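What follows is the residue order along each chain.
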Amino acid sequence: MNKQLAINKRLAMKKRWVSPRILLPLVSFSVLLIATFALQERAMSYLGLNLLFNLTVPIALATIGQLLVIMVNDIDLSVGAFVSLVACIAATVLVQHPWLGCLILAALVLAYAVIGALIHKLRLPAIVVTLGMSFIWDGLALLILPAPGGTAPTWLRALMTVKPPLVPMAVAAAVLIGLASHLLIIRSGIGTVLRGLGGNVRSVTRAGWNDTLLFALAYGLAGLFGVLAGLTLVGLYTSAGANVASSYTLLTIAGVILGGGEFVGGKVSPIGAVLGALTLSLAGSLLAFMHLSPDWQIGAQGAVLIAVLAARLLFNRHGASSNAIAQEATA
Amino acid sequence: MSSLISRPWLWAWLASAVVFALSVALSGAGQAGGLLYAALSFGAFAAIVGIGQMLVVTLGPGNIDLSIPAAMTLSGTLALKAMGGEPGTALLGLGVALLVGMGVGGVNFALIRLLRLPPIIATLAASLIYQSLAIWSNRGLRIKPPVALADFATGRSLGIPNVALIAIVLAIVVWVLLERGVWGRWLLATGQNARAARLAGVPVESVRAGAYLSVAVLAAVSGYLLASFSGGAALNMGQQYLLLSIAVVVIGGTSIAGGFSNVPGLWGAALFMFLVVSMLNAYGFDAGARMMLTGVIIIAIVIAANARRSRS
Amino acid sequence: PAYSDTSDKRIALSNNYAGNAWRQEMLSAWRTQTSRAVKIGTVAAADAFTIGENRPTDQAAQIQNLILQGYDAIVIDAASTTALNGAVQEACDAGVVVVSFDGIVTAPCAWKVVNDFRQWGREEVEYMAKRFPEGANLLEVRGLPGTFVDDDLHQGIVDELKKHPQLHLVSSVEGDWAQDVTQQAVAGVLPSLPKIDGVLNQGGEAYGAAQAFRASDRKMPVIILSNAQDELAWWAQQDRDNGYQSISISNAPGIATVAFWVAQQILDGKEVPKRLTVPLLHIRQQDLDSVLAKTPKGSVADQIFSQADVEKLIAAARDKAVQRSQEASQ
Amino acid sequence: MSRDNHRQPVVTLTGVSKSFGPVKALDDIDLTLSPGECLGLVGHNGAGKSTLVNLINGTLKPTHGEIHTPYARNRRDSGIRSVFQELSLCPNLSVAENLRICHGGLSGPGWRTRAREEIGASLSRIFPGHDIDPNAEVDTLSIAQRQMVEIAIGFAPRGSEARLVILDEPTSSLDAGIAGQLLEHIQRFCDDGGAVIFISHMLGEIFQVTNRIVVMKDGRMVEDRATEAFCHASLVEAMGHVAQQAHATRRTAEMLGDEVLTSPEGISARRGEIVGLSGLAGHGQAEALARLYLDSTSGWSARREPAMAFVAGDRPRDGVLPLWSILRNASISTLNAAARWGMVDRRAEAATAADWQQRIGIRTNDLGNTITSLSGGNQQKVLFARALATSAPIVVMDDPMRGVDVGTKQDVYAMIRAEAAQGRTFLWYSTETEEVCQCDRVFVFRNGTISAELSGAEVNEERILAASFEMQEN
Ligand SMILES: Nc1ncnc2c1ncn2[C@@H]1O[C@H](COP(=O)(O)OP(=O)(O)OP(=O)(O)O)[C@@H](O)[C@H]1O
Ligand SMILES: Nc1ncnc2c1ncn2[C@@H]1O[C@H](COP(=O)(O)OP(=O)(O)OP(=O)(O)O)[C@@H](O)[C@H]1O
Ligand SMILES: [Mg+2]
Ligand SMILES: [Mg+2]
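Residue numbers (the working numbering), protein chains in the order written: chain A, 1 to 331; chain B, 1 to 312; chain C, 1 to 330; chain D, 1 to 474.
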């Protein structure tokens with residue numbers, strides 16, 4: 001009996017480590033990475049890896065922000081505008097008046113938390129509220145920086161161009177972001193409660209939690225990751241502009257899904273999401289290495305996205321999509 | 001049920017009335033007709049794509065079509081290329097647009113159904129391919145529409161813009177379908193709980209396919225009309241309709257969680273979205289302030305509409 | 001400097017947007033000029049890379065990929081003047097020659113092939129001042145907010161307007177450099193405006209503004225035109241019908257070919273000033289028919305530069321720079 | 001574990017009423033519950049049992065009256081635990097993580113290990129021999145396993161001690177064996193001084209486990225006596241039903257029509273036959289039924305005369321369309337048949353729904369009310385009406401009596417028999433042997449395959465249990 005239990009336990013551990021949610025992002029990332037190395041062996045170096053991945057650092061952070069919102073069954077259409085705004089502040093106010101800058105950034109995180117509480121308390125559709133917020137963030141960014149400009153604070157620039165021994169900054173940062181967010185979201189107690197919120201709000205409130213505060217917390221954390229994304233972005237790009245990160249909104253959503261997350265039910269994987277973000281930027285690089293005709297370069301991005309996501313079919317036969325009624329019923 | 005319908009319906013219209021009044025207050029009553037005419041013209045395009053988006057959104061959480069701008073561009077480009085500016089080819093162009101719409105809708109649905117991609121990603125990725133197709137087919141050349149078609153698209157009947165008449169007829173058809181039609185009931189049931197709907201005998205797959213085909217066809221028709229209206233298709237045509245289509249759907253009172261849609265509110269929201277930009281332009285706000293105000297107004301409407309609903 | 005052969009050098013074009021006729025013409029100008037250069041062995045390769053939307057983040061990644069691929073020079077039409085500086089610096093550090101044009105970057109290590117957008121804005125207002133010495137109401141159609149081209153052109157207009165108090169800028173709207181957006185924005189604001197005598201814009205949207213005016217039953221104002229074929233054709237038609245007078249100012253997409261030859265010259269070891277101004281393209285009323293005959297339907301009028309043209313431009317700029325430094329030292 | 005034997009009651013209700021708008025769900029309730037008591041709460045569907053429970057655990061606030069819970073220190077830890085009628089776990093979390101949600105004390109490094117141990121111990125205490133892995137995500141568990149987890153969380157210590165555990169129809173998805181384990185545990189728990197409120201429509205369970213019974217009817221308490229003071233018939237009578245002991249006249253193959261259906265698993269049915277599916281919960285019966293239904297109908301087209309109709313048992317997942325009125329919920333399956341030119345015939349729709357409200361006794365004064373305003377059992381009746389109103393010759397039922405009260409059950413049995421007599425075929429999966437015994441023929445499932453086919457006199461509790469367990473006894 002005891003032996004059986006021990007075996008069960010080991011099996012369970014194994015199952016948890018190679019969860020299918022992470023397996024697909026891991027495999028698609030590896031495949032693309034190998035393909036990239038095959039096409040361009042220069043990428044297989046300290047410098048090459050850094051060039052390949054350093055611009056993904058802010059995207060990965062923003063993706064974790066998006067993940068936190070998707071985790072509570074909402075979607076954030078304002079990530080791109082928000083990160084742009086943070087970048088604009090970091091490249092201007094934060095340089096001239098560091099304390100004021102920090103204060104504004106803290107206020108932005110708080111604003112995110114308030115929006116989360118508001119969305120939940122008044123039962124507003126998150127997709128529209130965040131759409132509205134994206135206009136507001138955009139407008140604020142334009143007021144701060146009518147034309148692209150500003151300079152990165154030197155400490156940020158130094159942080160993003162640091163050359164640690166052995167592993168390049170980009171790789172170290174990706175690993176760090178993945179692990180930290182995994183601990184926060186999957187392992188920690190409060191992370192578990194927040195995921196529970198996405199699974200079944202009622203059960204969480206019945207257990208005595210204040211759901212509005214929890215939603216505020218989830219959004220506030222998302223805002224925090226958005227701020228981190230904006231800061232690293234400025235460190236990398238050295239300056240900012242009102243629509244510098246506008247592509248992040250859709251990229252982060254794609255990253256979360258690519259990373260094994262689902263739109264409803266609190267089923268997300270932070271490590272998967274970081275891998276998803278890396279995969280997306282790898283896909284872009286791979287296309288650049290393939291020398292397609294400019295007419296088709298844009299379409300090829302779409303094709304790669306479809307191909308990578310279609311690979312999910314091979315991994316989870318249940319099909320993550322809501323269409324899979326038949327399979328659900330027979331599974 | 002009737003109380004549920006009337007409330008969100010009301011809010012979008014109320015908001016447009018207020019914004020309209022504010023604009024007229026600035027420009028003088030004499031210009032009210034001109035503003036209304038412009039609002040109807042441009043609101044029509046938002047309404048047509050909005051109706052399509054609404055059908056898809058009604059399917060339930062996660063259902064959304066992000067390929068609307070690309071479908072508009074592709075349809076406008078191919079239709080105008082097929083017509084080549086020759087007189088008497090308007091119907092040929094419409095046919096091309098409809099074909100493009102069905103093709104786009106079919107591909108989108110196939111990606112969602114066969115490859116089980118989340119709609120938001122499937123339509124986004126596919127839209128990049130449609131965009132490439134449009135670039136490849138015409139290299140961004142702006143071909144003029146046939147004169148008669150351009151005149152029709154910019155013209156009016158009974159004092160109402162022709163494009164608005166088309167959009168109104170489309171809205172009425174969809175409204176009747178949703179309120180009285182079996183297909184509408186099936187769509188609403190699928191949006192509430194697809195699994196339960198399937199087990200109750202609703203053909204959910206064809207309902208889904210129908211919704212995704214409809215949105216693509218409506219986007220294609222709208223692209224065809226817009227290209228004719230603005231004197232030629234451009235590769236960046238329709239970009240604004242991505243966010244606009246979502247905004248009009250939700251401001252119009254359709255539930256983003258699915259299973260509940262609202263056609264009259266959608267028209268109100270379409271007028272509102274045009275009027276609010278014009279008003280802010282007229283009051284001379286610069287881009288930053290204008291964007292912020294637009295955002296604030298959108299959120300305020302959603303709060304107002306929702307607060308009403310949850311209080312009752 | 002010693003003579004060096006560029007026949008083994010590879011040049012890449014990093015383009016941030018392909019969604020309008022101007023960019024398409026730019027890509028096609030690049031293609032025609034560079035394919036000849038590659039065929040006759042002036043350079044080994046000249047590949048064009050395009051990203052989907054006008055996004056600096058994507059373009060920075062693209063530039064880093066081009067560095068990885070070992071190009072000797074990268075020619076950039078930039079999505080942002082400053083946000084690519086990080087990537088451009090990486091390129092310079094890796095020994096890659098960077099030439100930016102149209103949308104330029106501010107990184108000091110990059111060469112800039114520029115149009116003077118402020119000059120463009122000033123010329124628009126100057127023309128209006130000439131046409132309406134008694135004063136006029138003007139409407140400004142701006143481009144994409146938050147971009148430096150939009151900002152520069154607008155500044156040029158604002159600067160010049162200060163000199164002409166009789167001209168009133170009654171409203172300005174955003175057209176996003178797109179005809180349908182312009183048409184909608186103008187139609188929306190028109191009812192609230194007094195009589196409009198002239199429309200200032202940034203190229204690519206004049207036809208949209210004209211459509212909006214046509215629908216409103218107002219008198220057609222003087223609209224500054226650009227090089228889009230449909231605008232020119234509309235102008236020619238109006239001219240025939242009622243003697244419509246205007247001017248056309250634009251930046252020729254062929255500036256890409258200037259940037260290409262500049263990169264080639266630098267790789268060849270020639271000394272090239274860090275900033276090279278390419279004249280704007282003006283189409284006068286009398287040249288209208290000949291330009292229209294040359295321009296494909298629906299495309300934009302263009303001016304393509306050969307190696308010899310660019311060498312001349314460089315020489316002129318160098319002379320000017322020498323002259324200036326002499327003046328300064330005197 | 002012995003508690004200090006306070007004489008103090010765990011909960012006291014005085015003059016409590018609760019209204020939902022015009023609906024008076026509870027009217028002037030007085031109730032006291034002492035430690036060591038196991039209170040059975042019975043009543044027809046919509047009598048107000050769940051509402052009473054939600055008042056006691058604080059989910060709802062009373063409109064009038066007072067509720068006193070002396071042991072409550074704060075909302076998170078009042079010593080009152082509830083197992084709700086609709087499952088309320090987080091499906092995306094593991095079993096152990098679900099414990100974390102209701103157990104604030106689990107924090108700091110190593111909490112997962114402690115959570116696994118605690119929930120594992122609780123499960124083993126209540127359901128010895130269970131096979132639930134504390135690391136399994138809840139949505140990989142069967143509905144019965146989920147119910148077990150929820151019960152185990154209810155009884156887990158969670159930092160303090162459970163003083164009152166409220167179980168709202170806890171056995172509705174459990175098979176007899178597991179339900180028996182639960183009843184034994186409840187007995188032990190009460191012997192140790194805990195209090196339990198036990199709601200069930202299975203009167204056998206009530207008699208077995210409770211020592212006091214409260215009968216509710218239309219929001220009022222009509223009886224409150226010791227269990228010994230009731231017998232089966234008097235209890236049914238108190239609930240307002242006439243006790244019927246209608247016994248199924250089982251029909252044999254010769255009395256029935258031709259075979260109308262065979263499935264890959266080997267299920268077959270004749271015209272007019274009532275075929276039962278039985279066995280332990282979660283052994284493939286529900287899946288077999290769903291597959292059968294999905295295979296014989298299409299997601300692409302709907303025929304005017306559907307080949308099959310489906311009655312869901314898992315209401316929120318498979319049945320209810322929550323935004324709609326009762327009317328629209330009832331009519332969705334018959335719209336197509338009555339449609340002209342693709343338009344809904346609203347008069348026919350209303351007439352059919354009103355007819356079925358009568359026949360099946362849906363307790364509402366307006367079919368235009370939303371379906372979620374109905375009690376669980378009444379929602380189930382709407383789903384019955386939805387399926388029976390179609391012209392489908394075969395009706396598939398996935399444990400459809402979950403939460404249906406005794407009286408209604410008898411009505412539905414009668415209705416099914418009447419429909420069958422007119423040539424309809426029924427496929428009926430049930431976790432309750434009593435229901436399976438209504439059938440003409442029974443297939444017993446074990447591990448996803450059919451382990452026995454019983455008909456005629458073979459259909460009885462012993463044979464079914466034997467077929468369910470056979471392998472495990474080897
Ligand atoms: N949220 C609500 N809004 C309106 N009416 C409600 C609500 N909840 C319950 N009711 C009504 O209150 C009454 C009591 O419902 P309750 O759920 O307590 O019944 P129940 O005894 O648990 O029935 P069942 O055995 O079917 O579960 C019913 O008439 C029901 O329709
Ligand atoms: N509440 C918390 N806040 C922050 N970090 C936490 C929290 N709880 C756990 N962690 C961290 O998560 C990691 C693993 O947690 P834990 O010790 O609970 O694992 P475990 O229960 O031993 O699981 P396993 O048996 O799989 O090893 C540790 O690094 C721990 O510090
Ligand atoms: Mg109940
Ligand atoms: Mg019940």
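Honestly, the hints are just simulated from the structure, not real lab data.
It should be emphasised that the depicted structure is a prediction, and the values quoted were computed from it without experimental measurement.
Some hints could be false.
[Said to hold, decoys possible] Here are the simulated DSSO-like cross-link-like pairs (lysine-lysine), alpha carbons at most 27 Å apart as the crow flies:
#1 C:Lys39 <-> B:Lys81
#2 D:Lys217 <-> D:Lys61
#3 C:Lys294 <-> C:Lys39
#4 C:Lys312 <-> C:Lys270
#5 A:Lys121 <-> D:Lys61
#6 C:Lys312 <-> B:Lys81
(message) Of all the hints numbered above, which does this structure not satisfy? Sort the numbers upward.
(response) 1, 6
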